[in-house]
Amino acid sequence: MRFSGSDKYVTTGDLTLAVNAAVTLQRPLLIKGEPGTGKTMLAEEVAAALGRPLFQWHIKSTTKAQQGLYEYDAVSRLRDSQLGEAKVADIGSYILKGVLWQAFECATPSVVLIDEIDKADIEFPNDLLRELDRMEFFVYETRQNVRARHRPAVFITSNNEKELPDAFLRRCFFHYIKFPDRETMKRIVDVHFPGLKPALLREALEVFFELREIPGLKKKPSTSELLDWLKLLLAEDIPPEALHSKDNKSAIPPLHGALLKNEQDVHLFERLIFMARQNR
Amino acid sequence: MLIDFFLHLKENRLPVSIKEFLALLEALQQHVIEHSLDDFYVLSRAILVKDETHFDKFDRAFGEYFKGVEALPGMEALIPEEWLRQAVKKHLSDAECAKLEKLGWEKLMETFKKRLAEQKERHSGGSKWIGTGGTSPFGHGGTHPEGIRVGGKSENRSAVKVWEKREYRNLDDSVEIGTRNIKIALRRLRRFARQGAPEELDLEGTIAGTARNAGWLDLRLRPERHNAVKVLLFLDIGGSMDDHIRVCEELFSACHSEFKHLEYYYFHNCVYEYLWKDNRRRHSERIDTHDVLHRYGNDYKLIFVGDAAMSPYEILQPWGSVEYNNAEPGATWLRRLTDTWPHAIWLNPESEHAWQYRQSTSLIHNLMGGRMFPLTLDGLERGMRLLSK
Ligand SMILES: Nc1ncnc2c1ncn2[C@@H]1O[C@H](COP(=O)(O)OP(=O)(O)OP(=O)(O)O)[C@@H](O)[C@H]1O
Ligand SMILES: [Mg+2]
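Heads up: the protein sequence lines correspond to chains A and B, in order.
Residue 280 is where the first sequence ends in the UniProt record's numbering, and the numbering goes up by one at each step.
Residue 389 is where the second sequence ends in the UniProt record's numbering, and the numbering goes up by one at each step.
The reader is advised that the hints may include incorrect statements.
[What the hints assert, rightly or not] Cut-off 30 angstroms, straight-line C-alpha distance, at most; resulting in silico cross-link-like pairs (DSS-like, lysine-lysine):
| # | chain 1 | residue 1 | chain 2 | residue 2 |
| --- | --- | --- | --- | --- |
| 1 | A | Lys119 | B | Lys19 |
| 2 | B | Lys10 | A | Lys178 |
| 3 | A | Lys8 | A | Lys220 |
| 4 | A | Lys219 | B | Lys230 |
| 5 | A | Lys64 | A | Lys119 |
| 6 | A | Lys32 | B | Lys277 |
| 7 | B | Lys230 | A | Lys261 |
| 8 | B | Lys277 | A | Lys261 |
| 9 | A | Lys32 | B | Lys19 |
| 10 | A | Lys218 | B | Lys277 |
| 11 | A | Lys97 | A | Lys119 |
| 12 | B | Lys67 | A | Lys32 |
| 13 | A | Lys220 | B | Lys277 |
| 14 | A | Lys60 | B | Lys277 |
| 15 | A | Lys218 | B | Lys230 |
| 16 | A | Lys60 | B | Lys230 |
| 17 | B | Lys277 | A | Lys119 |
For the record, the hints were derived by calculation from the structure and aren't laboratory data.
Since the structure is predicted, the reported quantities are computational estimates derived from the model, not experimental observations.
Whenever a hint applies, use it, and build me the whole structure from the sequences.
And the structure:
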């Protein structure tokens, strides 16, 4: 079965091609791109479209590779032993299965999402090389070999906070989600707000893309911000004309706080508008 | 076959590996793509290139390799014969196909190969295949029954190919080759500070503590080691620095993988009230140096890279800059920066013994409190040792 986007998720041809190539050849797919370009959502949508269960592993700075396989809760066991608990004898009751283990023992092919891998320590990806290659690992405590019943489709996202090791990269396919162009953005908005007035959409996109062009913004507004903003505009019933009249470039668009969340960015923006007014 | 393409990428200094090349072959074998050059572009990029900063390099290499290849010879070099046959058939009408079968594939392929060899001999001969407009069986869009075009779909698309748009140019920030030495030296900067949340069981501490507790468990945790070095990199770009830009970029690309936080800014000759992040937009996207001063804590280490070659006016005089109307002299800005980030060094790509002959270099050398080092392995060692203190 091939992935081709969904009624909730807009894709471009190059993205679906990369997804299908990775799924067919059973290689992990590394996804990068600006915040809010749908990296995390992609795995969810692929799982739904292919009818596979999804196992999500959200990475934090303290996450260890081992935790994706299993954890041996030695501290509880030590404590229990001091309290004389009976289950102490069975080391297996202190082995906690990680996300990859769960995916490996899944009865059907599954999708695994390793979200924001760049948050972890630099060594993290290296510690998963063998597991992602062979889709198996060894549990030392119980002398048990865990092997995937079906190789899961693995999606890995990164926000570029750290570079990933070469050995890891060689094993992945890679796709960089470009920031959506106007046409793609229209389709994305349409998915979230079907039947939006064309005039409102046009004006809103105009403001949005213009805002993104402002040099020196700390955080350019992303897809999610655009969607939030539109929701507010609709809730407040703002007419399209109020957004952006051609002869009046110096008006501050309503509710712009939804687009610019950083205080300094808001100041910068207001300063620019102020200058534009003076130059009139 | 595809090997030429692979080697071409390697020649263009893309870090592609055999493992990835084999994966690409596997993908073609498994018919992951239809017979179109556009799809081949996306597929080969997804499999061979793992970093968007290399996309631009890839686009250029891809374009170079496939220029004029809408006529077949280039494709023949790329693609297994069977694949080619199918591709060709898709773009011919049934009648044309029949005619072609009559002429015979063998003959057609043979001619390709001859032409290809010819083209290889005369390296510039590529133009022979372009714009032959249908008079040759191998020209594109031809009316000859044997006229074949593989990337046939592209007639309906805009003339500019994806890879010709160079959309990723701005992401290219790395020059990989030759960075090995520098990497070794930069590693000195890694300081495995014991800080952060407690998360590692301190076994010795626990044993000692438990013993002291007469056998009652006394768990001790200690913070795990992690790389805590934060770096601000200020690069002199343009002007007299151009000779050194390559060395500079090597340092830069090496830095990327070494630090937890690495921020870089460009300046020209000396630092004034503006810096920028994207050299092509240096005039439109300037960043207030004051903002930068306030943005990063004093635990950042500051590294300048520049030859410090300029007119002394640019350092000492207000309004002395060649580019800006700087109200304050460069020296003031330099002091402001090194006051904010006391862990600062200046790396100079020019050889050390030449420094004394240049007034501006001596000035900056002094302003930096002597913390100027040449951009050699040894100079880096010294600089990094100083920064790690
Ligand atoms: N292609 C798309 N189709 C439909 N909705 C989209 C698309 N891209 C983004 N969105 C919307 O933007 C939101 C953010 O997407 P998501 O969280 O997947 O982004 P992300 O790239 O993972 O961001 P981050 O880097 O911040 O984690 C989604 O919840 C969705 O509403
Ligand atoms: Mg995400």
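Inset, instruction - Verify the proposed pairing of B/Lys10 with A/Lys178, using a straight-line Cα cut of 30 angstroms. - result: holds, 25 angstroms
Inset, instruction - Sort out whether A/Lys261 lies within 30 angstroms of B/Lys277, counting only the CA atoms. - result: holds, 22 angstroms
Inset, instruction - Quickly compare the C-alpha distance for A/Lys64 and A/Lys119 to 30 angstroms and report which way the hint goes. - result: holds, 11 angstroms
Inset, instruction - Take a quick look at whether B/Lys230 and A/Lys261 sit within 30 angstroms of each other, Cα to Cα. - result: Holds - the C-alpha atoms of A/Lys261 and B/Lys230 are around 26 angstroms apart, at most 30 angstroms.
Legend entry - Hint consistency between A/Lys218 and B/Lys230 [alpha-carbon to alpha-carbon, up to 30 angstroms]: holds, 19 angstroms
Inset, instruction - Verify the proposed pairing of B/Lys277 with A/Lys119, using a straight-line Cα cut of 30 angstroms. - result: holds, 24 angstroms
Inset, instruction - Assess, step by step, whether the Cα of A/Lys32 is no farther than 30 angstroms from the Cα of B/Lys277, and give holds or violated. - result: holds, 21 angstroms
Inset, instruction - Would you check the hint for A/Lys97 and A/Lys119, treating anything up to 30 angstroms between C-alpha atoms as holding? - result: The hint holds at about 22 angstroms.
Legend entry - Given pair status - A/Lys32, B/Lys67, alpha carbons within 30 angstroms: holds, 29 angstroms
Inset, instruction - Measure nothing beyond the straight line between the CA atoms of A/Lys220 and B/Lys277; if it is 30 angstroms or shorter, mark the hint as holding. - result: Roughly 15 angstroms between the alpha carbons, so the hint for A/Lys220 and B/Lys277 holds.
Inset, instruction - Quickly compare the C-alpha distance for A/Lys60 and B/Lys230 to 30 angstroms and report which way the hint goes. - result: Given that 30 angstroms is the threshold and the Cα spacing comes to 19 angstroms, the pair holds.
Inset, instruction - Take a quick look at whether A/Lys32 and B/Lys19 sit within 30 angstroms of each other, Cα to Cα. - result: holds, 22 angstroms
This entry satisfies every hint, going by the numbered hints stated previously.
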